[in-house]
Amino acid sequence: MSSSSEKINLEEYINSFSWNKRVVLLITEESDAKLIMETDGFFKRNRCENEIRNLEYIRIVGDDVNNYVIADKYDSKYGIWLIGYDGGDKFYTTDASLLKEIHDIIDKMPIRQIEMAEQNKKCY
Numbered sequence: 043m044s045s046s047s048e049k050i051n052l053e054e055y056i057n058s059f060s061w062n063k064r065v066v067l068l069i070t071e072e073s074d075a076k077l078i079m080e081t082d083g084f085f086k087r088n089r090c091e092n093e094i095r096n097l098e099y100i101r102i103v104g105d106d107v108n109n110y111v112i113a114d115k116y117d118s119k120y121g122i123w124l125i126g127y128d129g130g131d132k133f134y135t136t137d138a139s140l141l142k143e144i145h146d147i148i149d150k151m152p153i154r155q156i157e158m159a160e161q162n163k164k165c166y
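Numbering (this note's numbering), first residue to last: 43 to 166.
Hints listed in this document are in silico derivations from the structure and should not be mistaken for laboratory results. Source: prediction; values computed, not measured. Treat the hints with caution; some may be incorrect.
Claimed, not checked - Taking lysine to aspartate or glutamate pairs in the DMTMM-like style, the calculated list, with each CA pair at most 25 angstroms apart, reads:
hint, residue 1, residue 2
1, K49, E91
2, K63, E91
3, K164, E98
4, K76, D106
Work out the full structure: start from the sequences and follow the hints.
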């Protein structure tokens with residue numbers, strides 16, 4: 043039986059995607075409207091490109107943080123993290139700069155190189 047007051051363990055939630063999805067984690071305050079809009083917009087505009095790279099977007103904004111048990115490595119930090127298939131942090135930034143190069147960063151990863159060789163899907 044679950045209760046709506048139970049918190050989600052963020053690290054366990056991220057690990058539930060291991061070896062299936064790469065994760066983009068956004069943790070920020072509601073006052074950072076620019077970062078929120080840029081990140082949300084990136085995921086809307088680049089849906090196909092993100093899908094073929096197996097990107098999962100976890101968005102924790104403002105009071106949403108109270109719904110999670112936050113691991114020490116994310117506690118009291120704001121920004122965007124790229125988390126690999128292995129659950130390890132690959133990149134972190136406090137602004138939207140990661141979004142400009144995220145596809146290139148992922149495409150240089152060894153597993154992504156194999157995926158690209160085997161993948162037929164293209165985005166137009």
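Cross-check of the supplied hints:
1. K49 to E91: Roughly 32 angstroms separates the two Cα atoms, so the pair is violated.
2. K63 to E91: Measuring from Cα to Cα gives roughly 14 angstroms; hence the hint holds.
3. K164 to E98: holds, 19 angstroms
4. K76 to D106: Between K76 and D106 the Cα gap is close to 18 angstroms, so the pair holds against 25 angstroms.
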